[in-house]
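Visitor: What follows is each chain in one-letter form.
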Amino acid sequence: MGVDLLHVNISKSCVQSEGVLKVLFFGFGWLFFMRQLFKDYEVRQYVVQVVFSVTFAFSCTMFELIIFEILGVLSSTSRYFHWKLNLYVILLVLIFVVPFYIGYFVVSNIRLLQRQRLLFSCVVWFTFMYFFWKLGDPFPILSPKHGILSIEQLISRVGVIGVTLMALLSGFGAVNCPYTYMSYFLRNVTDSDILALERRLLQTMDMIVSKKKRIAMTRRQMYQRGEEQNKQTGFWGMIKSVTSSPSGSENLFVIQQEVDALEELSRQLFLETVDLQATKERIEYSKTFQGKYFNFLGYFFSIYCVWKIFMATINIVFDRVGKNDPVTRGIEITVNYLGIQFDVKFWSQHISFILVGIIIVTSIRGLLITLTKFFYAISSSKSSNVIVLVLAQIMGMYFVSSVLLMRMSMPLEYRTIVTEVLGELQFNFYHRWFDVIFLVSALSSILFLYLAHKQAPEKHMTL
Amino acid sequence: MASLDRVKVLVLGDSGVGKSSLVHLLCQNQVLGNPSWTVGCSVDVRVHDYREGTPEEKTYYIELWDVGGSVGSASSVKSTRAVFYNSVNGIILVHDLTNKKSSQNLYPWSLEALSKDSSPTGIIVSNGDYDREQFAENSVPLLIIGTKFDQIPENKRNDVLTRTAFISEDFNAEEINLDCTNPRYLAAGSSNAVKLSRFFDKVIEKRYFTRDPSQMQSFTDRRRFNFKSLHND
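First to last, the sequence lines map onto chains X and P.
Sequence positions in the first sequence follow my numbering and run 34 to 496.
Sequence positions in the second sequence follow my numbering and run 720 to 952.
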């Protein structure tokens, strides 16, 4: 009797702590939205902020449950229950709520369809569901024994999209990170280069101004002359006014074209100047202590990046599926080769916790920073709602697939819960798919950065 | 005719408030059909009759430099933008009436433009906060324009107009509220057109005609008295 009461008390406090954490995550998502993403806009549709924060909260809860799994907090039945609940909610949000609202806000922006907003957003949602379902066909992600309406169908598709995104971002990040950190790649930029470019920019602006002055003055004269002459309207009137002043609209057309070309040039010069200024700032930064530290990290990361690309190629070429996670392997190596004896079970738990924790924190932080940059680059006051919701969708799918892939980084005893909850997916397929996309993304990033780097010094030389 | 005197006026404000549409309307008297992102700076020219209708009437070129970007841009973008702030004779600050943040961002915008031009004694506070006093001493004429006026529902208009009145007092400047897609707001003879004309006249005066010290003194004193009394509310 007493044991039962104790049990109930513990589970109540567990549920409470669970609730508190969830509220904390929700609050963090809310603040992030307000302070970072929307700091230049007014939030007029609070539903967007709520949806974003809810997606963030439930995604983070999944990570929290993994940590609980490793640390052994809560009983395993309650953990399983929370997992299932969380999974259902997040799938509901990612597949029903967010796409529907995206469709709704897109339709609201188009004036023609304003009247029947709800109807058209439902149409958009059904189209999304159709393509989402079709996504499962080319991939061998399910065993045939699953029914049509099982949860595995949904998760598998979400997993495909999320894993593709993760691999693209990882591939680009793995290549871009050493490129940005290492000062080896920094081009040499002096102050006089920048000044020369700025002078060219101002000269171009002056030329544009003088041509526009001519256009404005000619227009004004034509307008005044037209008034005095009691201008004849219509086609013949226009011909007459043109023939009477040969330096009229024909000349204007030529000047306007010159102006367009000069404006294009000014835009290019502006962007080049910004680029040079940014490079100069990076050079200055690399001379500081922090800069030197990051430079060192850059060398370290480039080795890591080469290793990852190599491993991905090996995995694909030899069709290898890793069985062991890095923690167990590391412990095995230390025990076998270095002869250090220690309590495997105890250490594997703590090291997995730290490793998984680092992976989680860096991936959340990295994703939020990337999303913020992306948002600033492409949003405007009209499209900010839609873009934020798209970002919430990406974030949710990204986190769900992180959980899927993280299975590989954990020792066997912690993997079982993930396998149990997510059902019998073909996990090996996801890892293979990740490797393929990672390789493609990393190689194309290397090519892209190489071309961009090659092109810049040539431009620099022609100054 | 191309050798008319000129003045340079900056048009500043957040992305998407309608600076390009505004400049197009002011210079071409037409509505801009396809607004797109301004990269860098786009210039347009308006021919203005200084002191129209009086014997001292003279025609000037007013260059409107529409600088794109946001206050939160990277420092490399800001340093490049600073190139355009040289020898500025007037500033038009544009904000979106439907977006409060764009009005708040006018303060950092004006600081960015004015601190480039400030005297070596440095009247600008370094921590980025604005100071009403320094705008009273500021010698560059300012004009505040609020756009998208037509998108504000009737019942909210009074609140918005009160808010913008405070902003223009802070800057010691005139204000105009309009819709860039409707030339009616700047029709000849309307109060907006008069304010605009007066602003351009003031810019030309500051640039070409030596200031009458007694006249300017009383002008600034009057404004300072006005908003000091408001400050006590």
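Be aware that one or more of the hints could be misleading.
Straight line, CA to CA, 20 Å or less: simulated EDC-like cross-link-like pairs of lysine to aspartate or glutamate [to be verified]: (1) P:Lys777 with P:Asp920; (2) P:Lys797 with X:Glu365; (3) P:Lys777 with P:Glu924; (4) X:Lys487 with X:Asp352; (5) X:Lys246 with P:Asp724; (6) P:Lys797 with X:Glu305; (7) P:Lys921 with P:Glu888; (8) P:Lys914 with P:Asp898; (9) P:Lys777 with P:Asp724; (10) P:Lys875 with P:Glu776; (11) P:Lys819 with P:Asp920; (12) P:Lys797 with X:Glu314; (13) P:Lys819 with P:Asp768; (14) X:Lys246 with P:Asp920; (15) X:Lys72 with P:Glu831; (16) X:Lys341 with X:Asp468; (17) X:Lys55 with X:Glu97; (18) P:Lys820 with P:Asp724; (19) P:Lys819 with P:Glu776; (20) X:Lys246 with P:Asp768; (21) P:Lys914 with P:Glu776; (22) X:Lys244 with P:Glu776; (23) P:Lys797 with X:Asp468; (24) P:Lys797 with X:Glu317; (25) P:Lys797 with X:Glu231; (26) P:Lys797 with X:Asp308.
Source of the hints: derived by calculation from the structure; they are not laboratory data.
Quick caveat, the model's predicted, so the values are computed rather than measured.
Visitor: Taking the hints in turn, state whether each one holds.
Guide: Cross-check of the supplied hints:
1. P:Lys777 with P:Asp920: holds (11 Å)
2. P:Lys797 with X:Glu365: Violated - the C-alpha atoms of Glu365 of chain X and Lys797 of chain P are around 54 Å apart, more than 20 Å.
3. P:Lys777 with P:Glu924: holds (12 Å)
4. X:Lys487 with X:Asp352: Not OK: Lys487 of chain X and Asp352 of chain X at ~36 Å, beyond 20 Å, violated.
5. X:Lys246 with P:Asp724: holds (11 Å)
6. P:Lys797 with X:Glu305: Holds. Lys797 of chain P to Glu305 of chain X sits at ~14 Å (cutoff 20 Å).
7. P:Lys921 with P:Glu888: The given pair, whose Cα atoms are some 17 Å apart, holds under the 20 Å limit.
8. P:Lys914 with P:Asp898: Holds - the C-alpha atoms of Asp898 of chain P and Lys914 of chain P are around 16 Å apart, at most 20 Å.
9. P:Lys777 with P:Asp724: holds (10 Å)
10. P:Lys875 with P:Glu776: Outside the cut-off at roughly 41 Å; violated.
11. P:Lys819 with P:Asp920: Outside the cut-off at roughly 30 Å; violated.
12. P:Lys797 with X:Glu314: holds (12 Å)
13. P:Lys819 with P:Asp768: violated (35 Å)
14. X:Lys246 with P:Asp920: At roughly 19 Å apart (the allowed maximum being 20 Å), Asp920 of chain P and Lys246 of chain X satisfy the hint.
15. X:Lys72 with P:Glu831: holds (19 Å)
16. X:Lys341 with X:Asp468: With a Cα-Cα distance of about 9 Å, the restraint between Lys341 of chain X and Asp468 of chain X holds, given a limit of 20 Å.
17. X:Lys55 with X:Glu97: holds (10 Å)
18. P:Lys820 with P:Asp724: Violated - the C-alpha atoms of Asp724 of chain P and Lys820 of chain P are around 37 Å apart, more than 20 Å.
19. P:Lys819 with P:Glu776: violated (40 Å)
20. X:Lys246 with P:Asp768: holds (14 Å)
21. P:Lys914 with P:Glu776: holds (18 Å)
22. X:Lys244 with P:Glu776: violated (24 Å)
23. P:Lys797 with X:Asp468: Cα-Cα ~40 Å, so violated.
24. P:Lys797 with X:Glu317: Holds, at about 17 Å.
25. P:Lys797 with X:Glu231: Distance of about 13 Å is within 20 Å: holds.
26. P:Lys797 with X:Asp308: With Cα atoms ~12 Å apart, Lys797 of chain P and Asp308 of chain X stay inside 20 Å; holds.
Checked against the numbered hints given earlier, the structure breaks hints 2, 4, 10, 11, 13, 18, 19, 22, 23 and satisfies all the rest.
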